[in-house]
Amino acid sequence: MSMLHLVRTSAFQTDDFQQCLNVLQPTDCIVLLDDGCYNLNHDLWQEALNKVALPALYIIEAHAQARAVTLDKEKINTLSLDALMTLICETEKSVTWQ
Amino acid sequence: MSITEKSVAILNASPPLSKANAKDSLDVALIFGSYEQAVSLYFQGDGVYQLIAEQQPELIQQKDFLKTFAALEFYDIENIYVCHHSLNQRGLAEKFSIENVQVLNQDDFAISLHQHQTILRF
Numbered sequence: 010m011s012m013l014h015l016v017r018t019s020a021f022q023t024d025d026f027q028q029c030l031n032v033l034q035p036t037d038c039i040v041l042l043d044d045g046c047y048n049l050n051h052d053l054w055q056e057a058l059n060k061v062a063l064p065a066l067y068i069i070e071a072h073a074q075a076r077a078v079t080l081d082k083e084k085i086n087t088l089s090l091d092a093l094m095t096l097i098c099e100t101e102k103s104v105t106w107q
Numbered sequence: 032m033s034i035t036e037k038s039v040a041i042l043n044a045s046p047p048l049s050k051a052n053a054k055d056s057l058d059v060a061l062i063f064g065s066y067e068q069a070v071s072l073y074f075q076g077d078g079v080y081q082l083i084a085e086q087q088p089e090l091i092q093q094k095d096f097l098k099t100f101a102a103l104e105f106y107d108i109e110n111i112y113v114c115h116h117s118l119n120q121r122g123l124a125e126k127f128s129i130e131n132v133q134v135l136n137q138d139d140f141a142i143s144l145h146q147h148q149t150i151l152r153f
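Chain order of the listed sequences is H and E. Letter by letter, the first sequence follows residues 10 to 107 of the working numbering. Letter by letter, the second sequence follows residues 32 to 153 of the working numbering.
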C-alpha cells in the first residue's frame, strides 16, 4: 500500500509539496528532484522527517548538486537516476507533485 | 493468476479556468468511464474551485465545460471526494455544482487516495 511521491516543485513557489505532505502516510517514500530539491531547506521538510522514516527520504544527487543545494546525511539520502528507476519499479504506486 | 480490478484515482489540484488542467482531467475521467474503468475523483488545493456552484465561464469568453461534470453520473463515476481542509482554507461553503460529492477530512482523504493503484494528478 506504500506510495512513492515524486516532488518536482519548490514549496517556496507552489503548495504542491504541502499537498503531498497532507496525503503522506508513514509507509510512503519521498523523492525530491528538479526544483523539488529546494524543499530540503524549507520549513516543511521537518514535517516530512516527522511523518516518514529517514531511510524513505531521497533526493536526486545530480539535481541537488546542480543547484548547489548542500546535502546533509541527517536529513536526506542521495539517489542516482538509475537507482530511482529501480525504486519506481519496486514501489507499488507513485504520484508526481508538479 | 487472479486479475484484481485496478482502480484509477484522478487528483485535481488546479483551478478551473485559467489553465487547461481541469478540462483535460475531466475528459480523462469520462474516457475511463466510457471504458468502464473504475475511476475516483479527488479534489485538493485549488482543485476544489472546480466544483463550486454558479460559476459563469462564458463571462470571460470560455466554453462552460463545468456543466460536463453532470455527465459523470451517466458513466457511473460516483466516487467524488473533496478535501475539507482545502475548502476551509479558501472559505468555501459545501455548495457544489453536482450531487454526491463527499467532503472528507484530511486523514480520510489521504487514506482513500492510497486505495488506488494508479494516481494521475492534474
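Rather than coming from a laboratory, the hints here were simulated on the basis of the structure. Computed from a predicted structure; not experimentally measured. A hint or two may mislead.
Think about it this way: if two alpha-carbon atoms lie no more than 27 Å apart in a straight line, the pair counts; the simulated BS3-like pairs of lysine-lysine are [what the hints assert, rightly or not]:
#1 E:Lys126 with H:Lys102
#2 H:Lys60 with H:Lys102
#3 H:Lys102 with E:Lys37
#4 E:Lys94 with E:Lys37
#5 E:Lys94 with E:Lys54
#6 E:Lys54 with E:Lys126
Tested hints:
1. Restraint check for Lys126 (chain E) and Lys102 (chain H): the C-alpha separation of about 33 Å exceeds 27 Å, so the hint is violated.
2. For the hint linking Lys60 (chain H) to Lys102 (chain H), the alpha-carbon distance of about 19 Å falls within 27 Å, and the restraint holds.
3. Under the criterion of a C-alpha separation no larger than 27 Å, the hint pairing Lys102 (chain H) with Lys37 (chain E) is consistent with the structure, at around 11 Å.
4. Between Lys94 (chain E) and Lys37 (chain E) the alpha-carbon distance is near 33 Å, which puts this suggested pair outside the 27 Å criterion.
5. Our distance criterion of 27 Å between C-alpha atoms is met by Lys94 (chain E) and Lys54 (chain E), whose separation comes to about 10 Å.
6. Between the alpha carbons of Lys54 (chain E) and Lys126 (chain E) the distance comes to roughly 20 Å, so the proposed pair stays at or under 27 Å and holds.
Going down the numbered hints, you'll see the structure goes against 1 and 4, while the others check out.
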